[in-house]
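Chemist: One letter stands for each residue in the lines below.
2 protein chains.
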Amino acid sequence: MQRISDSTVHRLSKYYRTLRHMQEMGVKTVSSEEMASRNGVTAAQVRKDLSCFGAFGRRGLGYNVADLKRNIGRIMGLERTWKVALVGVGNIGRALIDYDQFRTQGFQITIAFDSDPAKVGKTIHGVTVRDEANLERDAATEKVDIAVVAVPAAAAQALVDRLVAGGVKAILNFAPINIKVPDGVFIRHENMAIEIEALSFAMTNPKLARGS
Amino acid sequence: MQRISDSTVHRLSKYYRTLRHMQEMGVKTVSSEEMASRNGVTAAQVRKDLSCFGAFGRRGLGYNVADLKRNIGRIMGLERTWKVALVGVGNIGRALIDYDQFRTQGFQITIAFDSDPAKVGKTIHGVTVRDEANLERDAATEKVDIAVVAVPAAAAQALVDRLVAGGVKAILNFAPINIKVPDGVFIRHENMAIEIEALSFAMTNPKLARGS
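Going down the list, the sequences are from chains P and C. Note that the numbering used here has the first sequence beginning at 1, numbered continuously upward. Note that the numbering used here has the second sequence beginning at 1, numbered continuously upward.
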C-alpha cells in the first residue's frame, strides 16, 4: 500500500469532524457531495481519499455516518487516548493544556514540564508542572506517547533530543525552527502564522486567491 | 492568470522563512535543490511554485536570496504592517497577542475585544481590551485589516457577521466551527489539533505515514 500524503491525512481529520457533527445532529447517511461541500473539496476528492482505505460507501446510498466516523477514527487513531506531555508552560503551552480540540479528541495533556523554578510545582488547569531536569526519566517512566514542544527556538532541538532519549516517538513542535529527529520518530510543526499569511496573500492578490 | 492553491501559498510562507533565515546567516544565493531539501519538497515543486510569479532564478546560478525574499514578501503582502484585531481574550487569544510569529511578520495585534466586564479595560501584553459591544463601530473607525477570532464556537458566527458589518475583509478563525462570510471577505480556519491528529495517524499506521 502506498504512503498517504499529509494533505489526505489532514482531510481525513476534517471529514471526521464533519461526521461527528452530523452524528450529534442525528444524521444517518451522507453523500460524498455533501461531505465535499462541507469541506471545500470535490466529491471525487472525498471518494478518492476514502478509497485509500477500502470502500465504505454504496453507490446511490451514500455513507453511513456512524460507520464512516468509526472507520476514519480507527484509521486515525482517534478512538483511543494518547498520553500527551507538554514541554514549556509559556503562553502557548498554557492555552494548549486547556485546549478543547485536544481534549475532546483523546489528546488531553496530563504531564507538563518547565525549567522555570517559579513554575515548577504549580498546578495549571489541573496539571502540575514538573522540573524539566527530569525530562528523559519522566518521559520514560510515564510512557509518554506524544510530546508537545512549546519552547523558544534556541532550546527546542536539545529538548527534543532528550525526549527521544526518553523513548518518545511523536513530537508536535511549536518552536519556529526545523527540528531533526532519528528514523522511527515522527515530528510535525505547527505555525499559527501560516494561515494569517494566507490572508495577507489573499488581500494583496484578491484575483489570485482561492474564494473565501 | 490562474488561481493559486492554498498549498502553494503555504509553501511560499515556508520559503520566505527559509530565505529570511539564510539572509540572517549571510547566505547570498540558494539553489532550488537546497530550498527543496529545507522544506521537505522536490526541487521541481520549488521551481513550479516560483514560476507562478515569473522567473526569479537563473539556470545554474540559483536564486539571489535577498531578491527572492523581497519578491515573495511582496507577493505575500509581508513587506507591510497589517492592522490586526483580536476578538476573544481567552487562553489562546492571550497567547496570540504575544506570539512572536505574528509580531515579526507584520501581524502584530494592536486591538483586542472581549465581552467579559472583568477583562474590558485591562491591558494584556501592551494591548488594552475593549468592550465587544462596540465591535462594529471600532472595527470601522480603526480600519481593521484582519480580525483574529478566538471565541467559543457558539459565539463565532455572530461576531464574524458584526466584524464584516464593520468592514473587516479578512478573518482568521480559531473557533471549531465553519463560519460563513459574504463574497469579497476572506476567511481561514486554524485548528491546532490537525497536526497532532497527523501524529496519531502516523503512530497508528507507521508504514503508511510520511517519513519523519
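None of these hints come from the bench; they were simulated from the model. Hints are supplied without guarantee of correctness; some may be wrong.
Just so you know, same-sequence chains aren't split out, so a pair can sit in one copy or run between any two.
What the hints assert, rightly or not - Each computed DSSO-like pair below joins lysine-lysine, with the alpha-carbon atoms no more than 27 Å apart:
| hint | residue 1 | residue 2 |
| --- | --- | --- |
| 1 | K169 | K14 |
| 2 | K207 | K180 |
| 3 | K207 | K143 |
| 4 | K169 | K143 |
| 5 | K119 | K207 |
| 6 | K122 | K14 |
| 7 | K119 | K83 |
Here the structure is a predicted model, which is why all the values come from computation and not from measurement.
Chemist: Please go over all the hints and tell whether each is borne out by the structure.
Modeler: Hints, verified against the model:
{"no.": "1", "hint": "K169 <-> K14", "result": "both (24 Å within a copy, 25 Å between copies)"}
{"no.": "2", "hint": "K207 <-> K180", "result": "between (38 Å within a copy, 20 Å between copies)"}
{"no.": "3", "hint": "K207 <-> K143", "result": "between (50 Å within a copy, 22 Å between copies)"}
{"no.": "4", "hint": "K169 <-> K143", "result": "within (10 Å within a copy, 46 Å between copies)"}
{"no.": "5", "hint": "K119 <-> K207", "result": "neither (49 Å within a copy, 39 Å between copies)"}
{"no.": "6", "hint": "K122 <-> K14", "result": "neither (35 Å within a copy, 36 Å between copies)"}
{"no.": "7", "hint": "K119 <-> K83", "result": "within (22 Å within a copy, 34 Å between copies)"}
In this structure, the earlier hints numbered 5 and 6 are contradicted, and the remaining ones agree with it.
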